[in-house]
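Student: In case you want the letters, here they are:
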Amino acid sequence: NAGVTQTPKFQVLKTGQSMTLQCAQDMNHNSMYWYRQDPGMGLRLIYYSASEGTTDKGEVPNGYNVSRLNKREFSLRLESAAPSQTSVYFCATSDGGGTNEKLFFGSGTQLSVL
Amino acid sequence: GDSVTQMEGPVTLSEEAFLTINCTYTATGYPSLFWYVQYPGEGLQLLLKATKADDKGSNKGFEATYRKETTSFHLEKGSVQVSDSAVYFCALKNTGGFKTIFGAGTRLFVKA
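Residue numbers (our numbering), protein chains in the order written: chain A, 72 to 185; chain B, 4 to 115.
Just so you know, these hints were derived from the structure itself, not from any lab.
Straight-line C-alpha distance at most 27 Å; calculated DSS-like pairs for lysine-lysine:
(1) Lys173(A) x Lys80(B)
(2) Lys102(B) x Lys80(A)
(3) Lys59(B) x Lys71(B)
(4) Lys128(A) x Lys142(A)
(5) Lys59(B) x Lys173(A)
(6) Lys173(A) x Lys63(B)
(7) Lys80(A) x Lys173(A)
A few chain B residues that don't get close to chain A, going by computed Cβ distances all over 12 Å:
(8) Val14
(9) Thr15
(10) Asn25
(11) Thr27
(12) Thr29
(13) Lys59
(14) Ser61
(15) Glu66
(16) Thr68
(17) Lys80
(18) Gly81
(19) Asp87
(20) Phe112
Just so it is clear, the structure is predicted and the values come from calculations on it, not from any experiment. Where a beta carbon is used, it is the ideal one built from N, C-alpha and C, also for glycine.
Kindly produce the complete structure, drawing on both the sequences and the hints.
Tutor: Below you can see the structure in the form of structure tokens.
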């Protein structure tokens, strides 16, 4: 049972380069999320998708775009990477909305922008 | 807006010591509260949760009680093990939104 799979695990970019982080889930969950994790700041929501075909901005969407390709896949794209986007990125899914929502996380992508 | 504040780490303990990691929150309404744990090199996973005031969440020897009067959800464990070394995140989810709000995380080191 793979759960939530993220690729790649590590990536180094030069300023201005573009890349796409991939996320796929086999849990049949409707909701998917992209977070970034920075020291001392916890996790901050970049974008989320409540269901296939919909996406919405989170706290820190600038410099990112997303695509909910189908129910399983939710990708995050950096069009022109900046050093401020050096971070660890986590994809997550949830088992339903409401206050009891439990999140399931992938193992993360460590991104460095030089 | 809603927010979560955790004690700063790192917290370093010897094996079998008592653990407390403090967490307080600010929120309108009646949020659910969570503790997530992140082991080295892995994503976060749910440790425990509580959905209403005075509820106690528990799992793997960890406990936390939802205290509305003090807006707190402190994590405790009576006897920590080396394998408990990880980063612990307090979080809340409120009604009417899609966002789970996380604290900054507290790193725990347990020495043998």
